[in-house]
Amino acid sequence: MSRQEEITNCKVGLAILLFSGVYASIGLFAIVTHKATEIFPFFSFKLYSKIPQNFVHYDLILNEDIDHPQLLLHGNSYLNSIEKKALARFLRHKRAESNGATIQLDEVVWNGYSGKLVLLEGNYLSYLQDGSMSVIPFRKTVEDEKSY
Amino acid sequence: MKRVIELVRFMNGLLEVLSKQFSSVDAERLKQILGVFYFLQLAISYQSLSYNAQMPSWQLLVDSKRFFDPLWPVVWAGSSNYPNAVMFILLGFLISSVLAAFFWQKYRWTRILAFIFFLNYIALISSFGKIDHYLHLALIASLLLIFLPRGFETDKKVKNALQIFWGVQFFIFMTYSISGFFKIYGIFDQLIKGQVSALSPNSLALNGAKTIFQSGQRPLLFNFISEHPGYWFSILLIAGYFLEFSALAFAFLPRFHRAYGMVLMLFHVGILITVGPDFYYQLIIVGLFIFFSPFQDVRDKPANLRA
Numbered sequence: 001m002s003r004q005e006e007i008t009n010c011k012v013g014l015a016i017l018l019f020s021g022v023y024a025s026i027g028l029f030a031i032v033t034h035k036a037t038e039i040f041p042f043f044s045f046k047l048y049s050k051i052p053q054n055f056v057h058y059d060l061i062l063n064e065d066i067d068h069p070q071l072l073l074h075g076n077s078y079l080n081s082i083e084k085k086a087l088a089r090f091l092r093h094k095r096a097e098s099n100g101a102t103i104q105l106d107e108v109v110w111n112g113y114s115g116k117l118v119l120l121e122g123n124y125l126s127y128l129q130d131g132s133m134s135v136i137p138f139r140k141t142v143e144d145e146k147s148y
Numbered sequence: 149m150k151r152v153i154e155l156v157r158f159m160n161g162l163l164e165v166l167s168k169q170f171s172s173v174d175a176e177r178l179k180q181i182l183g184v185f186y187f188l189q190l191a192i193s194y195q196s197l198s199y200n201a202q203m204p205s206w207q208l209l210v211d212s213k214r215f216f217d218p219l220w221p222v223v224w225a226g227s228s229n230y231p232n233a234v235m236f237i238l239l240g241f242l243i244s245s246v247l248a249a250f251f252w253q254k255y256r257w258t259r260i261l262a263f264i265f266f267l268n269y270i271a272l273i274s275s276f277g278k279i280d281h282y283l284h285l286a287l288i289a290s291l292l293l294i295f296l297p298r299g300f301e302t303d304k305k306v307k308n309a310l311q312i313f314w315g316v317q318f319f320i321f322m323t324y325s326i327s328g329f330f331k332i333y334g335i336f337d338q339l340i341k342g343q344v345s346a347l348s349p350n351s352l353a354l355n356g357a358k359t360i361f362q363s364g365q366r367p368l369l370f371n372f373i374s375e376h377p378g379y380w381f382s383i384l385l386i387a388g389y390f391l392e393f394s395a396l397a398f399a400f401l402p403r404f405h406r407a408y409g410m411v412l413m414l415f416h417v418g419i420l421i422t423v424g425p426d427f428y429y430q431l432i433i434v435g436l437f438i439f440f441s442p443f444q445d446v447r448d449k450p451a452n453l454r455a
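Residue numbers (the working numbering), protein chains in the order written: chain A, 1 to 148; chain B, 149 to 455.
Excised from the complex, chain B in its bound form (with noise of 0.2 Å):
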């Protein structure tokens, strides 16, 4: 019965948050956001065509068809003509974007039309072996925004589209506290395994040599880190992981967001020169979202979430 209680509790300051978020938020902003994001989905099935991105060439899929272990949602392209269910794919990825950067206010279709190829692309270039995570984020964004109302001229569907945006927002911090959470668990973890962990001075110099024996490249500061193993470095690591773990007390948060998606972006830059691995999509969607959040103006706290 506490926790039904609890439960209830929560949701009600969380219809609070909401109400006194969207009450003082631009439209106008949120629909340039918004358009943002589509036109940087097409921007991404651009680079699906290039040969110059973080991802697979199209001749290098289109011929990679030997090692082809279709994921889920493209199944149908292991049982079907294989080079044409690729260009299929990466021409209705880009037709699709097209469309939505286009007209993702006004038709729902072509909304759920471009979160459909981009489902299919992500699951293409990650069926060889390894799934990539570094679109997930841009993905699930795609898939919520299919829920936005069709334009924006009422207050409700202002409302509406500001819920949803939020119900982004609220994913985004949830997968980082998840993450966080997992990687504080880890320590304790490793220290009661008598292994070498976070509190290590040699642990961030750990985590970039092993990408370094993977990958062969060496971040900016790894020569530095490496060379001057101390505590110093464990104090920033585990720093990154409170940060990361917590996030979701800040989709609570309005005002901070704009400081949180900053220090949040400078955490991915920190990640790449001394670890190596690039987020640099999920950096975009941060900054997006959540360093420009336009829910950053809103100064009221809900009454239950003030000290």
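Excised from the complex, chain A in its bound form (with noise of 0.2 Å):
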């Protein structure tokens, strides 16, 4: 191999080492400071890395039958796949809220849908078998949080 040659190798070898170190960086930039938001277009290297446990989703009851649930996202085939994406974001975020303990969410409101929130808790494998969870509705205020 000639001197140049060489010198052409270790410059690309550098430049895919790099371009490589870097794109790894930034994805893992997310997950090492624990950010939920991803980065476009980096991978998010950790999904599907750890085993489900129980559930826990929110989702907005559509009638006040905690027994006979009508939810908007959870088993709803008229949402297309934009809207759901879209209504698992606002839930996404109306959870972010509720971190806060100073906000009452009874009665929501999401493109035309009112419903109250709830959460679903149950586990993955037992819901498959008999459709069992539990619909919790969600009313989280200041008192809520001291009585924890």
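In short, the hints are calculated from the structure, not lab data.
Glycine residues also receive a C-beta, built at the ideal position from the N, C-alpha and C atoms.
Hints are not guaranteed to be accurate.
Which chain B residues stay away from chain A? Per the calculated CB distances, all over 12 Å, these [as the list claims (entries may be wrong)]:
#: 1; residue: Glu176
#: 2; residue: Phe216
#: 3; residue: Ile360
#: 4; residue: Leu401
#: 5; residue: Met413
#: 6; residue: Leu414
#: 7; residue: Leu431
#: 8; residue: Ile432
Quick list of the computed label-pair ranges, beta carbon to beta carbon [said to hold, decoys possible]:
#: 9; chain 1: B; residue 1: Ile340; chain 2: A; residue 2: Ala96; range: 23 to 29 Å
#: 10; chain 1: B; residue 1: Phe440; chain 2: A; residue 2: Ala15; range: 22 to 28 Å
#: 11; chain 1: B; residue 1: Phe440; chain 2: A; residue 2: Gln129; range: 42 to 48 Å
#: 12; chain 1: A; residue 1: Tyr113; chain 2: B; residue 2: Met235; range: 27 to 33 Å
Build the complex from these two chains, which are given one at a time in their own frames, with help from the hints.
Put into structure tokens, the structure is as follows:
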């Protein structure tokens, strides 16, 4: 290998390592800093890295019947793929808001739908076997927070 | 100082790998693979206009302005006439992909244009609350291939093109390895926290159950897996983790590219029929860059990687 070739190889090799290193570092940044937001177009390397435990999801209940809930997100085939993503984002924001103890989240309006915020709790396998999950009305106030 | 020496040794090993690999590779084969890549990008741009693809239809994109929360590449679309911006991205993606499919060898600007519109398109469909990753590998490949030389007339240009190609392969292997690392780390993390981990006989079924809960789609073998929990599934799952984690080593083992590429593709098939996520485009990229690797017939191993 000539000296010129060595230098060229070295440059390309370094460029490959540098690019891959920078890409991986930025992709890992969100994980290391525990930030929920992803940086586009970087992979979320932690996807499927853990076995799902019991679930806790937020949803909107459109009727008053906790035993036979009509949920806006879960199991609703009338929403298209973009509406589902947008609603899931909306619920994530609500969840983030609820970390502050001063808000009351009773009636929520999203895209013309009005409902109450609920927590869906259960085990993924049990749910698939017999449809069992708990639908818990979400009402978090200062008093609720203190009572925990 | 030790680390610097190690880095220099690593770089020397890398150079040796590159030089050994590139001296006996068929340039025609490389051209065909790259041509197929740009054809694939054209096919994706075609799908972006259809109603039967994994990505949202053009009509749905145009009608969903109220949910549009733009990612950085498409911020401009939010401040302009939104339906026209969507049409511009879709048609620009198609036209630039056609140009790249025709002229990728001759004109670098066609590859740049194809990448820019590809980036805009993926950013557009990811600007509604969730970023999907199924086209990320193809996008990064499109970015790296911008640096291909113009034409393949001389040995130097062919060698340069092979280096870029190897760079794409390195990147693909790296993403699998990091992903595998976090999955292996996840086993220990969940064990320490006393949670259900990959060692549980239900681990594979739980992964599948979560996908079904979210998407409503049942993978082919899910019923069997959930009805017959066992440690065989844990072994299978953890073997998959190590398969991913070991990927980077195969960047330096060209004669195993074909075999490892097939194993990775089967890995994606396994994910689809047990857990559910659809990595169709990822499978094609792995097939194109790893399974059909132009380095697969190289037999010489660099001295410093020899056992």
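Which of the numbered hints are not met once you compare them with the structure shown? The structure breaks hints 2, 3; every other hint is satisfied.
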